[in-house]
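*Asks:* Here is what each chain is made of, one letter per residue.
There are 2 protein chains.
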Amino acid sequence: MSKPTGVQTLIRPAHEDRLLAVLRERGAMSRADLAQALGLSRTTLSEITSSLLARGALSIVDTDASVRAGSGRPAERLALDPASSQYLGVDFGHRRVQIVIADAAHEIIASGSHHYSDIDGWDTRLACAFELIEREAAGSGIHFGALQGIAIGVPGPYTTVPLVSLREGWGNHEPSRGIDKAFKERFGAPAIVDNNTRFAALAEALGTASEAVQDLIYVRLSDGVGGGLVIGGRLIGGSAGLAGELGHVTAVPEGDRCRCGKLGCLETVASVTAILAICRARGARLDSLEDLRAAVDRGHPTVDAVLHEAGAAVGRVLGSAAMTLNPSIVVIGGEITQAAPVLVEYARRSLRYELSSVAEAMPVLRAAELTDMAGALGGVATLLNRSSLLADYGTAVHAKASIRTTIQTIRSIS
Amino acid sequence: MSKPTGVQTLIRPAHEDRLLAVLRERGAMSRADLAQALGLSRTTLSEITSSLLARGALSIVDTDASVRAGSGRPAERLALDPASSQYLGVDFGHRRVQIVIADAAHEIIASGSHHYSDIDGWDTRLACAFELIEREAAGSGIHFGALQGIAIGVPGPYTTVPLVSLREGWGNHEPSRGIDKAFKERFGAPAIVDNNTRFAALAEALGTASEAVQDLIYVRLSDGVGGGLVIGGRLIGGSAGLAGELGHVTAVPEGDRCRCGKLGCLETVASVTAILAICRARGARLDSLEDLRAAVDRGHPTVDAVLHEAGAAVGRVLGSAAMTLNPSIVVIGGEITQAAPVLVEYARRSLRYELSSVAEAMPVLRAAELTDMAGALGGVATLLNRSSLLADYGTAVHAKASIRTTIQTIRSIS
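Residue numbers (this note's numbering), protein chains in the order written: chain V, 1463 to 1876; chain F, 1463 to 1876.
It is worth saying that the hints were derived from the structure and are not from the lab. Accuracy of the hints is not assured; some may be wrong.
Over 12 Å on every C-beta distance to chain V, these chain F residues come out as not near it, computed from the model [to be verified]:
hint: 1; residue: W1584
hint: 2; residue: H1605
hint: 3; residue: K1646
hint: 4; residue: T1764
hint: 5; residue: T1799
hint: 6; residue: E1807
Footprint (simulated), chain F over chain V, 3 or more residues, beta carbon under 8 Å [said to hold, decoys possible]:
hint: 7; region: 1692-1700
hint: 8; region: 1705-1713
hint: 9; region: 1716-1724
hint: 10; region: 1773-1782
hint: 11; region: 1808-1819
Virtual Cβ for every residue (Gly too), placed ideally from N, Cα, C.
Just chain V, with the same shape it has in the complex (with noise of 0.2 Å):
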């Protein structure tokens, strides 16, 4: 064969995605049932499938010799097997790991979590998360013969680009660096890390209702304040990988000073930490979210009107980003929407406000659905869906770069 051309190149991905695709839907078929299926030639087919074998994400599984009419040699049939491949979703919390793991029908096969100490550095952390993988694993029969890849959530921000501004304890990007690669080395898998919140994000908006949600907000108030965005049925990074950090948007105009540097961020008023910080300095003695959970249900005032604060802060914020995005969804998250679900209406009135002069754009408000394991599975999510990602990159490069050239054109002749 030819070598493949560049556009041979762009479009062989998408083909592959195509035809495992099929198969999840319809199970084993011939090559020629899939090459009619999809309008592939032969050739074309042959090769794609060549080359899912050899990399185990296919194996044979029969003939259709019982089913066959005619003479000649039977058709060998193919299919996905489940076992020939995994998907590792990895989340390292402030103070637990939490993994999943999937197989190639897109089942989950193991789950478990391990609590380590918020002053672990990252290398206890590590030996936490290999030993609760091979732990977990081990107990569930899994060898990882065809480990697909590894998805791994770390407190943000985190970017691939060295954040050299980034002031000490906000996020662990810089401890977290080379993990991808300590993964990679153990399990012999590509690894990706992004943000644990914008993982979240992905689950709480695949796994909500009958429809993936297309356009979602969610903000997480837990030691600190993430967030995460789900905008046209894709999951966001921004340039630098850095979108998402409502935490870090002016909520107090002229307010107390943020770890990061700046006045009155969000994460200053609605974090766990600044509620409780706050409730203490009014007078209210409370040391955890259980305290706060005790004080909600007597109904503290003091503690209720910190509450009210911090709900209108995260209603504000949120409404400035869901006039900008107009998302059919927004999702708090945290535990603190638990302990105190009061904090979600006095966000939702202050929300309500924000968008009170387009009423059609009130999104529905909510507390997070998924537990704990949001992070692992949105990372899960990511990789599945990886290959169609890179197919749509490529196909949307190529639309554009022909408009582009267009604008130019009717720039240089205006």
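Since the structure of chain V is provided, determine the placement of chain F on it from the hints.
*Replies:* Chain F alone, transformed into the frame defined by chain V:
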């Protein structure tokens, strides 16, 4: 042939789009060469070319008889026929309509504009537009025999959802309903309508550099304030077509009442109308952008203070949006950026503060590069890109459906 299956229905537009892209890149080709380049079966290729020939998107230009080595019947060669299709972009501003016409080779073959009064109704505006289009087309020898599509930009907010909550005077939404039908009936081609600021954002993203900008926020300061977003290489509409309404993000808490009903929207301090009115209220006699330009040139202190407040508000709103979206470029449009370039500088300072905690996230901030034609150009770009967008849509939906199933499985076992 058997009826196309669901899978084939999804795949067909993607094949068509790639075929057109290959012909645009390489020029005339035989069906056999096309089938090989695209990896398609002869049957599939032939179905696609028949459909495109019938729709006038392709034409048969010659045969390969002159370059053919062997014997046998010469093969026909197919090509895009520039004259075989046209695309029309129309932008209705508050005081003028602008049009551009492109051909199948993505070249602009005609353009023009016509002024009307901002109190003229849609009947008058439509009549102006029709007359302009027919005059320009006739002047360039264009016959709309194969007009493939019309994109019509109107002042925002614009959505296909009826906006019962909109105050009179904000945008021209309700009155502009039905103009797509009027265009369709007049020119016999499918028409789409969208916010003209959104189209302008797309044009700015496509037209500014050697590479199309993938992540861009555009805000236009004019009689009102509107915006548009390009995220991940795609123009963003939001769940109800309302994305990008930056003019109605709260910029000054407890500020003046906006025509939309809220207090302190960006538009109340940064539209041209607002800036002139605030200057007058503070004793500076300004009635027009020309007056403003003169006052800026002689360093009028009151005017400078008003522009500082306006620029700071623009920077704050853009800062929140940029912390959320991490764009590489932020563009401020509108004639005021020429009349008062210092406004862009003031916005830059305020934007830089908002992003100071992650200096790497600071986008390039600049005044718009395109002329008055941006809206119409962006409309044409949308038409040219449409088939890719649809192909992308099909792929993405298919891939996501299977991931969603996974996440639902996970939730049921967790």
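*Asks:* Any hints from earlier that this structure breaks? Give me their numbers in increasing order, please.
*Replies:* none
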